[in-house]
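*Asks:* These protein sequences, in sequence, are chains F and X.
Going by my numbering, 911 is the number at position 53 of the first sequence; the sequence numbering is gapless.
Going by my numbering, 993 is the number at position 135 of the second sequence; the sequence numbering is gapless.
FYI, nobody ran anything at the bench for these hints, they're computed from the structure.
Heads up, a few of these hints could be off.
[As the list claims (entries may be wrong)] Derived DMTMM-like pairs (lysine to aspartate or glutamate); straight-line CA-CA distance at most 25 Å:
| no. | chain 1 | residue 1 | chain 2 | residue 2 |
| --- | --- | --- | --- | --- |
| 1 | X | K969 | F | E974 |
| 2 | F | K969 | X | D869 |
| 3 | F | K969 | X | E973 |
[To be verified] One-sided excerpt, in silico: chain X residues whose CB lies under 10 Å from chain F:
| no. | residue |
| --- | --- |
| 4 | I950 |
| 5 | E973 |
| 6 | E974 |
| 7 | S975 |
| 8 | E984 |
| 9 | A987 |
| 10 | F990 |
| 11 | S991 |
| 12 | L996 |
Please read these numbers as outputs of a predicted model, since none were measured by experiment.
Cβ atoms here follow ideal geometry from the backbone N, Cα and C, with glycine treated the same way.
There are 2 protein chains.
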Amino acid sequence: MEFADGFPIWDRLTSDQQNRLHNSVVSRTVSKGTVLHNGSADCTGLFLVKSGQLRAYILSEEGREITIYRLFDRDMCLLSASCIMRSIQFEIVIGAEKDTELWVIPSGVYKEIMEESAPAANFINEIMASRFSEVMWLLEQILWRSMDRRVASFLLEEASIENGSCLHMTHEALASHLGTHREVVTRMLRYFQGEGMVKLSRGVIEIIDEEKLKALQS
Amino acid sequence: MEFADGFPIWDRLTSDQQNRLHNSVVSRTVSKGTVLHNGSADCTGLFLVKSGQLRAYILSEEGREITIYRLFDRDMCLLSASCIMRSIQFEIVIGAEKDTELWVIPSGVYKEIMEESAPAANFINEIMASRFSEVMWLLEQILWRSMDRRVASFLLEEASIENGSCLHMTHEALASHLGTHREVVTRMLRYFQGEGMVKLSRGVIEIIDEEKLKALQS
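For reference, chain F alone in the conformation it holds in the complex:
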């Protein structure tokens, strides 16, 4: 895949802007486990994933991690280029969860283009709004729902009742047990799946990392 095909708003840029991007973008291949970006001081550039998987997370002083979001094929990460906006003031780490091929757009080049191009600025707006929404969701879960804990407890209890790690249960049924909405449960289960705790398939929730689920309860 060429950069021009992978970059969503390519056709909405002028040919001069396209040239500047084309001449500055760098293709990188990193292996699983590589830390690509670490903290706000580090203005690495915008990442556009060609193939593979990246994870953005925050790190406590004691080394605990919490996943903020994941990036898959054709996803773009702007927090690795936080210097393009002076108002981004938090530390995030971005690491490769799988062997990953990506393009890196230098921050300075994008900042310049974004200052003159409404499509380039609005593209960043949409990405930021979507990450912002992810973080608001996390915040709400942690603040009052403790839904992660409740879903984890429920799954572990069911597994011990069924005496197996495969639960035959719809998200709808799980939600009704917990007195919440199906959407909330589905999103949480997908989060668990991303974290490698469960595996989802039609009508089945399979527990694949019991210890990690148990750790959520503490």
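For chain F, the structure is supplied; the task is to place chain X on it using the hints.
*Replies:* Just chain X now, kept in the frame of chain F:
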């Protein structure tokens, strides 16, 4: 104050864009306690505060509130116009904490301008990045620092030792007691001040709502 003077990027718009804004913007005066916006379905428009104070908060099912940010003179709120970006998908409430004068820019008008104007889009970018940073800060505090609890406990303990509600203590000293950085403590104390729990002046932290501080410890 005229809208043209209050709107930060007025001079960077074309006269046609200025006209469209000028002809659509509505001036409103609301009294303390008014709820101006409620949830993502409600696409009220962009708020620009002329004078007064607004508060943005999220609400749990049980009615608990947590403040996300506050808006003062000349601050702008974009989450009240979440429909200008399809990726904003969370519910926020915006209420007046004081009698407030504000301008409301209709969402449709701003969306149109932002699609054609890089300065208008980048302005939204900066506001969103700054709110995003506030939320990340809150998330980190809640997740692992429990710094709100720790600062509250420390203040209450000191007050009981000193037998008074005025603590003569620098933020630096407080930070060193808690094994953290001065910036963290200052930001938390300002948050407490915003919530009406303490009043800050040079070298003095005055506790003005002991009950509210105690509630943080539970």
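*Asks:* If a hint holds in the structure, say so; if it doesn't, say that too.
*Replies:* Taking the hints in turn, this is what the structure says about them:
1. X/K969 - F/E974: holds, 17 Å
2. F/K969 - X/D869: Given that 25 Å is the threshold and the Cα spacing comes to 21 Å, the pair holds.
3. F/K969 - X/E973: holds, 17 Å
4. I950: holds, 8 Å
5. E973: Status holds, d = 6 Å.
6. E974: This interface hint holds because 6 Å falls under the 10 Å limit.
7. S975: Status holds, d = 6 Å.
8. E984: holds, 5 Å
9. A987: holds, 4 Å
10. F990: OK, holds: X/F990 within 10 Å of chain F, min 5 Å.
11. S991: Since the shortest Cβ distance to chain F is 5 Å, the answer is holds.
12. L996: holds, 7 Å
Of the numbered hints given earlier, the model fails none.
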